[in-house]
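A.B. asks: Please work from the sequences and hints to get the whole structure.
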Amino acid sequence: MRISSKQITLLVLLALIAVAPFFFPSSFYYRVGALVFINGLAVVGIVILTGYAGQISLGHAGFAGIGAYACALAPAHLGIHVGLAAILGALISAVIAYLVGRPILRLHGYYLGVASLGFGILVAMVLSNEGQLTGGPDGIAVNDLGLRSVLNDMGLSLTNSEFWYAFSGLTLVVGAWLALNLYNSPTGRAWRALHGSEVAARTVGVDVARLKLQAFVISAVYASIAGSLLALQNRFITPEVAGFMHSIEMVTMAVLGGVGSVLGAIFGAIILTVLPQALTVFAEHEMMVLGLVMMLVMIFMREGVVPTLLRFFRGRGE
Amino acid sequence: MLTVEGLRSRYGRIEVLHGIDLTVTSGEIVTVVGANGAGKTTLLRCLSGVQPVTAGSITFRGEAFTSVPAHRRLKLGLAQAPEGRQIFTNLSVEENLRLGAFLFNDERVHRDMENAFNMFPILKEKRNQVAGGLSGGQQQMLAIARALMGRPACLLLDEPSMGLAPLLVQQIFDVIQGLKALDVTVLLVEQNAFGALSIADRGYVMETGQIVMGGPAEDLIADPRIREAYLGI
Numbered sequence: 001m002r003i004s005s006k007q008i009t010l011l012v013l014l015a016l017i018a019v020a021p022f023f024f025p026s027s028f029y030y031r032v033g034a035l036v037f038i039n040g041l042a043v044v045g046i047v048i049l050t051g052y053a054g055q056i057s058l059g060h061a062g063f064a065g066i067g068a069y070a071c072a073l074a075p076a077h078l079g080i081h082v083g084l085a086a087i088l089g090a091l092i093s094a095v096i097a098y099l100v101g102r103p104i105l106r107l108h109g110y111y112l113g114v115a116s117l118g119f120g121i122l123v124a125m126v127l128s129n130e131g132q133l134t135g136g137p138d139g140i141a142v143n144d145l146g147l148r149s150v151l152n153d154m155g156l157s158l159t160n161s162e163f164w165y166a167f168s169g170l171t172l173v174v175g176a177w178l179a180l181n182l183y184n185s186p187t188g189r190a191w192r193a194l195h196g197s198e199v200a201a202r203t204v205g206v207d208v209a210r211l212k213l214q215a216f217v218i219s220a221v222y223a224s225i226a227g228s229l230l231a232l233q234n235r236f237i238t239p240e241v242a243g244f245m246h247s248i249e250m251v252t253m254a255v256l257g258g259v260g261s262v263l264g265a266i267f268g269a270i271i272l273t274v275l276p277q278a279l280t281v282f283a284e285h286e287m288m289v290l291g292l293v294m295m296l297v298m299i300f301m302r303e304g305v306v307p308t309l310l311r312f313f314r315g316r317g318e
Numbered sequence: 001m002l003t004v005e006g007l008r009s010r011y012g013r014i015e016v017l018h019g020i021d022l023t024v025t026s027g028e029i030v031t032v033v034g035a036n037g038a039g040k041t042t043l044l045r046c047l048s049g050v051q052p053v054t055a056g057s058i059t060f061r062g063e064a065f066t067s068v069p070a071h072r073r074l075k076l077g078l079a080q081a082p083e084g085r086q087i088f089t090n091l092s093v094e095e096n097l098r099l100g101a102f103l104f105n106d107e108r109v110h111r112d113m114e115n116a117f118n119m120f121p122i123l124k125e126k127r128n129q130v131a132g133g134l135s136g137g138q139q140q141m142l143a144i145a146r147a148l149m150g151r152p153a154c155l156l157l158d159e160p161s162m163g164l165a166p167l168l169v170q171q172i173f174d175v176i177q178g179l180k181a182l183d184v185t186v187l188l189v190e191q192n193a194f195g196a197l198s199i200a201d202r203g204y205v206m207e208t209g210q211i212v213m214g215g216p217a218e219d220l221i222a223d224p225r226i227r228e229a230y231l232g233i
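Chains as they are written, first to last, in full-length UniProt numbering: chain A, 1 to 318; chain B, 1 to 233.
Be aware that a few hints might be false.
For lysine-lysine, the following BS3-like pairs were computed, each having C-alpha atoms within a straight-line distance of at most 30 angstroms [claimed, not checked]:
#	chain 1	residue 1	chain 2	residue 2
1	B	K126	B	K180
2	B	K124	B	K180
3	B	K180	A	K6
4	A	K6	B	K126
5	B	K124	B	K75
6	B	K75	B	K126
Quick look at which bits of chain B chain A covers, simulated, 3 or more residues with Cβ under 8 angstroms [as the list claims (entries may be wrong)]:
#	region
7	88–98
8	101–112
If the Cβ cut is set under 8 angstroms, some of the chain B residues that face chain A in the computed set are [to be verified]:
#	residue
9	V50
10	S67
11	H71
12	N115
13	G150
14	L164
15	A165
16	P166
17	R202
None of these hints come from the bench; they were simulated from the model. Positions of the beta carbon are idealized from the N, C-alpha and C atoms, including for glycine.
C.D. replies: So this is what it looks like as structure tokens:
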């Protein structure tokens with residue numbers, strides 16, 4: 001039996017997670033790796049919204065903020081476990097995405113971009129201004145997830161950074177698997193159809209408004225869980241997680257890697273998370289070089305890094 | 001099957017349909033012919049629900065249809081192959097057909113797809129290719145095949161011959177005539193008046209947002225005014 005592109009993506013991803021640690025010069029890189037996977041998870045959500053359904057959001061960090069602060073606030077005020085708090089955060093994000101998405105998804109293109117941008121800024125403002133609840137711009141501490149000590153008792157001892165590397169890596173695999181399944185489902189086809197032409201999608205019976213909303217809610221849940229993971233790993237969170245730059249970063253990662261494909265988007269997350277670390281040799285010129293790399297990629301690899309390279313190698317194979 | 005009464009529609013402040021009346025009975029092929037800008041496409045857009053109606057009514061199979069949203073009209077039996085062959089160019093041929101059957105999730109979908117492939121063998125050959133890579137004629141076939149996947153009682157066709165080579169035009173018209181055998185009623189909007197009238201049972205002539213003439217297709221073909229204005233004879 002031929003293996004499908006879905007299985008290839010998952011195999012590549014699993015291999016990457018398993019093999020990468022052999023090349024880590026120090027345990028610091030486990031932290032970078034975990035950050036890559038957490039960003040990757042948020043970016044897979046962007047692939048569903050932008051790559052599949054063709055809608056843009058410049059405010060998705062708002063949902064990451066909701067997921068992150070749920071982990072800080074729900075245990076303190078509701079007395080629930082942080083793990084449950086992350087799930088609660090995802091539910092709240094879904095409800096808010098539904099309420100916000102209903103009016104703003106009627107907009108198209110840059111109008112939608114600006115409206116969603118407004119939403120992201122709103123969340124970040126609330127998080128930094130409601131100081132007595134959220135700790136304000138200084139941030140707030142988050143409880144330990146406790147899963148590592150459970151694993152320790154079962155005889156699997158991992159350092160903190162190893163644990164978060166593995167845990168966020170596995171979460172990313174699950175997230176990617178769900179997204180890949182959605183691609184070929186009737187819902188995924190309908191998303192890609194309305195991405196091409198909303199009028200034509202309507203004439204085949206697709207409820208365009210409802211499907212856009214579904215994509216928005218699902219991608220908000222991805223962002224929310226990524227925000228929760230970030231909070232749980234760092235045991236600390238600041239309003240920056242919901243900030244404008246974080247929203248832009250998500251979209252940039254997706255577009256740079258190739259927004260139409262899950263694997264491409266994850267590579268985008270790798271590039272934009274690892275590159276700044278690698279570019280520290282350029283000291284104060286770091287951001288300039290990063291900006292230059294991004295511009296060159298977009299000029300010479302318009303569809304994103306992974307789709308362009310795939311096409312190149314396929315073209316040679318024939 | 002389909003009754004339109006006093007239908008008016010506008011783009012912004014400019015009214016483009018000034019009260020259209022027409023009927024389509026079950027099993028017929030009815031054509032609306034007219035020059036560029038007569039409002040034919042706007043009429044179809046009203047019927048498929050993507051263009052707001054300002055006055056008048058649409059009745060389909062005895063039900064008031066005027067305010068039914070576009071995506072629910074197919075479920076009620078009215079399908080459209082939109083102008084400019086609005087296929088999903090980034091999706092494969094097979095995915096396009098599956099989307100045509102978006103409302104259904106049963107084993108008949110598979111059979112319908114086989115029927116579509118029998119009707120258009122070229123689509124079967126190219127089933128895994130991206131639809132945007134098909135030729136104009138093949139895209140038009142795909143648009144019709146996709147509309148049929150929705151199991152319509154009535155099919156609206158907007159300018160299916162537009163931009164096609166003469167040989168392909170004949171082929172497409174043959175296919176439309178063949179729909180009769182499948183019990184699909186057809187409302188065909190065409191600039192190619194002669195081709196459309198020669199396969200239709202009845203026809204309407206549209207000029208600047210109004211129906212100016214209607215009757216059996218062979219009478220219209222024989223009418224000297226039509227021959228002069230539209231058939232170029």
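A.B. asks: Evaluate each hint against the coordinates.
C.D. replies: So, going through the hints one by one against the coordinates:
Restraint check for B:K126 and B:K180: satisfied, since their Cα atoms lie roughly 26 angstroms apart, inside the 30 angstroms limit. At roughly 23 angstroms between alpha-carbon atoms, B:K124 and B:K180 fall within 30 angstroms of each other, so this suggested pair holds. Taken as a hint, the B:K180 and A:K6 pair is broken in the structure, with Cα atoms around 42 angstroms apart against an allowance of 30 angstroms. Proximity of A:K6 to B:K126 is assessed by CA-CA distance (about 22 angstroms); at most 30 angstroms being required, the pair is judged to hold.
Restraint check for B:K124 and B:K75: satisfied, since their Cα atoms lie roughly 26 angstroms apart, inside the 30 angstroms limit. At most 30 angstroms may separate the alpha-carbon atoms for a hinted pair to count; B:K75 and B:K126 meet this at roughly 28 angstroms. A stretch counts as covered by a chain when three or more of its residues have a beta carbon under 8 angstroms from one of that chain; for the region 88–98 of chain B and chain A the count is 6, and the coverage holds. Look at the region 101–112 of chain B against chain A: 3 of its residues bring a Cβ nearer than 8 angstroms to a Cβ of that chain, three or more, so the hint holds.
Hint status for B:V50 relative to chain A: holds, with the closest Cβ pair at about 5 angstroms, below 8 angstroms. Residue-level restraint check for B:S67 is violated (minimum Cβ-Cβ distance to chain A is 15 angstroms; threshold 8 angstroms). With a cut of 8 angstroms, the hint placing B:H71 at the interface with chain A holds, because the nearest CB-to-CB distance is about 5 angstroms. Because the beta carbon of B:N115 sits about 17 angstroms from the nearest beta carbon in chain A, more than 8 angstroms, this interface hint is broken.
Given the 8 angstroms rule on beta carbons, the hint for B:G150 holds: about 6 angstroms separates it from the nearest Cβ of chain A. Hint status for B:L164: violated, given a least beta-carbon distance of 19 angstroms to chain A, over 8 angstroms. Look at B:A165: its Cβ only gets to about 24 angstroms from chain A, farther than 8 angstroms, so that hint breaks. Taking 8 angstroms as the C-beta contact cut-off toward chain A, the hint placing B:P166 at the interface is violated, the least distance being around 27 angstroms.
Below 8 angstroms, beta-carbon pairs count as interface contacts, and B:R202 has none with chain A, the closest being about 24 angstroms; its hint is therefore violated.
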